[in-house]
Amino acid sequence: MGKNIETKNNSGVDEGLVAMFLKMSPEERLKSNDNAVRAILELRNAYKYQKNAGNES
Amino acid sequence: MPTNIKKTQETNLSAIIEGLINAEVEFILVGGLAAVTQGAPVTTMDVAIVYNRSPENISKLFAFLKSIDATYRRPDKKIIAPKEEDFSGMGHALFTTRIGPLDVLAFIEERKTYEDLVKHTIKIEFRGQTIQVLDIKMLIELKRKSKDPKDKQRLPVLEETLRQLEKKEG
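Line by line, the protein sequences give chains W and Y. The first sequence runs 1 to 57 under the working numbering. The second sequence runs 1001 to 1170 under the working numbering.
Isolated chain W, as found in the complex (with noise of 0.2 Å):
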């Protein structure tokens, strides 16, 4: 098991995730979040597909 080095604020927000966005430009944080939404599309997509398949079954 990795050191778990504790990066959250009194809020529960991760400082470092925050930091890492900044360190980007915004054209790709924009496209970061393009990724984001097609990755959950395709993940619920998918979960329909499996739920959909088990009630034909």
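In short, the hints are calculated from the structure, not lab data. Cβ atoms here follow ideal geometry from the backbone N, Cα and C, with glycine treated the same way. There could be a bad hint or two in this list.
Unchecked claim - Capping the alpha-carbon separation at 27 Å, the derived lysine-lysine pairs in DSSO-like fashion look like this:
1. Lys1077/Y to Lys31/W
2. Lys1152/Y to Lys8/W
3. Lys8/W to Lys1168/Y
To be verified - Covered stretches of chain Y (in silico footprint by chain W; criterion: 3 or more residues with CB under 8 Å from a CB of chain W, positions within the stretch not fixed):
4. 1034-1042
5. 1055-1068
6. 1153-1161
Given chain W, work out where chain Y should sit, using these hints.
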């Protein structure tokens, strides 16, 4: 892994922004994507804009919406396309388009319109062009007053982003 999943649309939120720029629509990027562009590590599923309600701008916006097959987002299956006159009032129009969801807003919290918000924007270079984005301070101010649970949930992330931005700028 399933391979025969039908994709109804290819979501590309950046393409919506680029399309608005190319169509010369005057708008301010607000909501989640405004936060994303300024460094907040949040994910948002739609583009939200506040538009200038001048007749000329409404015509440009309407033509752009037609070009991306915009129809009103509805809980039922009715397909309703927008009409140009829908945008002259003080309303919210939430669309599904072939490149992703787009919220076209005449105003946001406290009925702030394009004219009210334009002085609270920053200019961001995007694909060689400039877009106006609602600045993170104003985003935070509005979210603090919001009753939407999603806004409340995001607020600490926005506040931490602003804290680090201010620290960086000294």
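Structure-based check of each hint:
no.	hint	in the structure
1	Lys1077/Y to Lys31/W	31 Å, violated
2	Lys1152/Y to Lys8/W	18 Å, holds
3	Lys8/W to Lys1168/Y	19 Å, holds
4	1034-1042	holds (count 6)
5	1055-1068	violated (count 0)
6	1153-1161	holds (count 5)
Violated hints, in rising order: 1 and 5; the structure is consistent with all others.
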